[in-house]
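Chains as they are written, first to last, in this note's numbering: chain A, 184 to 241; chain B, 23 to 341.
Keep in mind that the hints were calculated from the coordinates and are not lab data. Mixed in with the good hints there might be a few duds.
Unchecked claim - List of simulated lysine-lysine pairs, DSS-like, C-alpha gap at most 30 Å: (1) B/K303 <-> B/K288; (2) B/K104 <-> B/K47; (3) B/K47 <-> B/K307; (4) A/K194 <-> B/K115; (5) B/K328 <-> A/K221; (6) B/K164 <-> B/K307; (7) B/K164 <-> B/K303; (8) B/K304 <-> B/K281; (9) B/K47 <-> A/K194.
Claimed, not checked - Here are the simulated distance ranges between beta carbons: (10) A/H193 <-> B/N235: 51 to 61 Å; (11) B/T234 <-> A/A208: 44 to 54 Å; (12) A/E191 <-> B/R220: 38 to 48 Å; (13) A/R195 <-> B/G330: 51 to 61 Å.
Said to hold, decoys possible - Computed list of chain A residues with no C-beta within reach of chain B, every gap over 10 Å: (14) Q189; (15) H193; (16) L207; (17) A208; (18) I211.
Idealized CB from N, CA, C, for every residue including glycine.
One-letter residues, chain by chain:
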Amino acid sequence: MSLSKQHEIHKRRFGRNLGVGLVLAALIAIVFGLTVAKVTGGDLEGALGSAGGTVDGN
Amino acid sequence: MSDASFDSRIHESEAQFGDYFALLKPRVMTLVVFTAFVGLLAAPVAMHPFVAFCAVLFIAIGGGASGALNMWYDADIDAVMKRTARRPIPAGKVTRDEALAIGSALSAFAVIFLGLATNWLAAGLLAFTIFFYVVIYTMWLKRLTPQNIVIGGAAGAFPPMIGWTAATGDISVASVLMFCLTFMWTPPHFWALALFVRMDYDNATVPMLTVTNGRRSTRNHILAYTVLLAILAVALGFTSVGGPLYLTVALVLNALFLKGAWDIWKRDEGASEADNFAVEKKFFKLSLLYLFAHFGAILIEATLSKLGFDWASLGGLLT
Numbered sequence: 184m185s186l187s188k189q190h191e192i193h194k195r196r197f198g199r200n201l202g203v204g205l206v207l208a209a210l211i212a213i214v215f216g217l218t219v220a221k222v223t224g225g226d227l228e229g230a231l232g233s234a235g236g237t238v239d240g241n
Numbered sequence: 023m024s025d026a027s028f029d030s031r032i033h034e035s036e037a038q039f040g041d042y043f044a045l046l047k048p049r050v051m052t053l054v055v056f057t058a059f060v061g062l063l064a065a066p067v068a069m070h071p072f073v074a075f076c077a078v079l080f081i082a083i084g085g086g087a088s089g090a091l092n093m094w095y096d097a098d099i100d101a102v103m104k105r106t107a108r109r110p111i112p113a114g115k116v117t118r119d120e121a122l123a124i125g126s127a128l129s130a131f132a133v134i135f136l137g138l139a140t141n142w143l144a145a146g147l148l149a150f151t152i153f154f155y156v157v158i159y160t161m162w163l164k165r166l167t168p169q170n171i172v173i174g175g176a177a178g179a180f181p182p183m184i185g186w187t188a189a190t191g192d193i194s195v196a197s198v199l200m201f202c203l204t205f206m207w208t209p210p211h212f213w214a215l216a217l218f219v220r221m222d223y224d225n226a227t228v229p230m231l232t233v234t235n236g237r238r239s240t241r242n243h244i245l246a247y248t249v250l251l252a253i254l255a256v257a258l259g260f261t262s263v264g265g266p267l268y269l270t271v272a273l274v275l276n277a278l279f280l281k282g283a284w285d286i287w288k289r290d291e292g293a294s295e296a297d298n299f300a301v302e303k304k305f306f307k308l309s310l311l312y313l314f315a316h317f318g319a320i321l322i323e324a325t326l327s328k329l330g331f332d333w334a335s336l337g338g339l340l341t
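Isolated chain A, as found in the complex (with noise of 0.2 Å):
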């Protein structure tokens, strides 16, 4: 018998508890995502340039 029992109301909200955590990885996820479609696909040079500077840095 383990030390301390789980309490009922810990497997009533496992669901709930489980679907909040799957969104917040999924925000993570778009998050991540995103910054590198816009890196990788010429937003930031576009960005860069029209400010008078390059990715590089030159």
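Dock chain B against the given chain A, drawing on the hints supplied.
Showing chain B alone in chain A's frame:
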């Protein structure tokens, strides 16, 4: 009351993740996702696939957020109508405050992220859509005018236009006509349903055209909107998103839709009751195919065009 009975009552009414998701009206979201995706793909601009995916996702979240805000405000009337009584708030699963918090937070998230991912015109259009649906439709005009379906339909018609703007950064004739397609389609679609389904909007004191103006007037309205819809739907075929496939689909379906609206207009209540509203039911079923087929045809035209297929070259091969 024992602790055990208190616990079991909480257990029964406690919201699960699915209840919060249900606040976003997932069935409406599927239409939003489909039409926004078509609008985005039909645009004559290549987008990074992941950015395009995110744009559609944020538009869908914005649409879902407006659904949650709609449920927050309409909780009183949802509770008295059979169709809506099992929604999370009237069912006692989610509180109104929770719906307001989720709707507001997701609205802000969707608009800001769409702006960051694509452009601020698209984000502004999404913000306007949420404002239009929640404030203009839900809070103001839904309980005031029997034209509420027309106004609500406008909010549902914005996604393809937002998708287009997310890709191109502008608004064009083609994107406005894609908006008009859903906007003009919604009233005849819904009013045909209202003719053969007994709705309990009366209990909720929401004015419905069938009740306020009568069923004859509803039939007139269906015909008038269908004529305008047919003109706009065929006109869309002559823009950049159209083509031979779309035009064929539009001509066939609009001819059938006009015939259906004409048949509904011609008959009276006696004739409808005699065959258990067969014509109205057939028109409603056709309306479901109508919208899906029009946007489906635009999607196929856009896909073929992106793959380098040219209808003119096919004509050359055949001759």
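So, going through the hints one by one against the coordinates:
1. B/K303 <-> B/K288: holds, 15 Å
2. B/K104 <-> B/K47: Cα-Cα ~16 Å, so holds.
3. B/K47 <-> B/K307: holds, 21 Å
4. A/K194 <-> B/K115: holds, 18 Å
5. B/K328 <-> A/K221: holds, 22 Å
6. B/K164 <-> B/K307: holds, 25 Å
7. B/K164 <-> B/K303: Distance ~25 Å between B/K164 and B/K303 Cα, so the pair holds.
8. B/K304 <-> B/K281: holds, 11 Å
9. B/K47 <-> A/K194: holds, 27 Å
10. A/H193 <-> B/N235: 51 to 61 Å: holds, 56 Å
11. B/T234 <-> A/A208: 44 to 54 Å: holds, 49 Å
12. A/E191 <-> B/R220: 38 to 48 Å: holds, 44 Å
13. A/R195 <-> B/G330: 51 to 61 Å: Holds - the Cβ-Cβ distance for A/R195 and B/G330, about 55 Å, lies within 51 to 61 Å.
14. Q189: Consistent with the label, A/Q189 stays out of reach of chain B, its closest Cβ about 15 Å off (over 10 Å).
15. H193: Its Cβ never comes within 10 Å of chain B, the nearest being 13 Å, so this holds.
16. L207: Per Cβ check, A/L207 is outside 10 Å of chain B; nearest 12 Å; holds.
17. A208: Fine: 14 Å to the nearest Cβ keeps A/A208 off the interface.
18. I211: holds, 13 Å
In terms of the numbered hints stated before, the structure departs from none.
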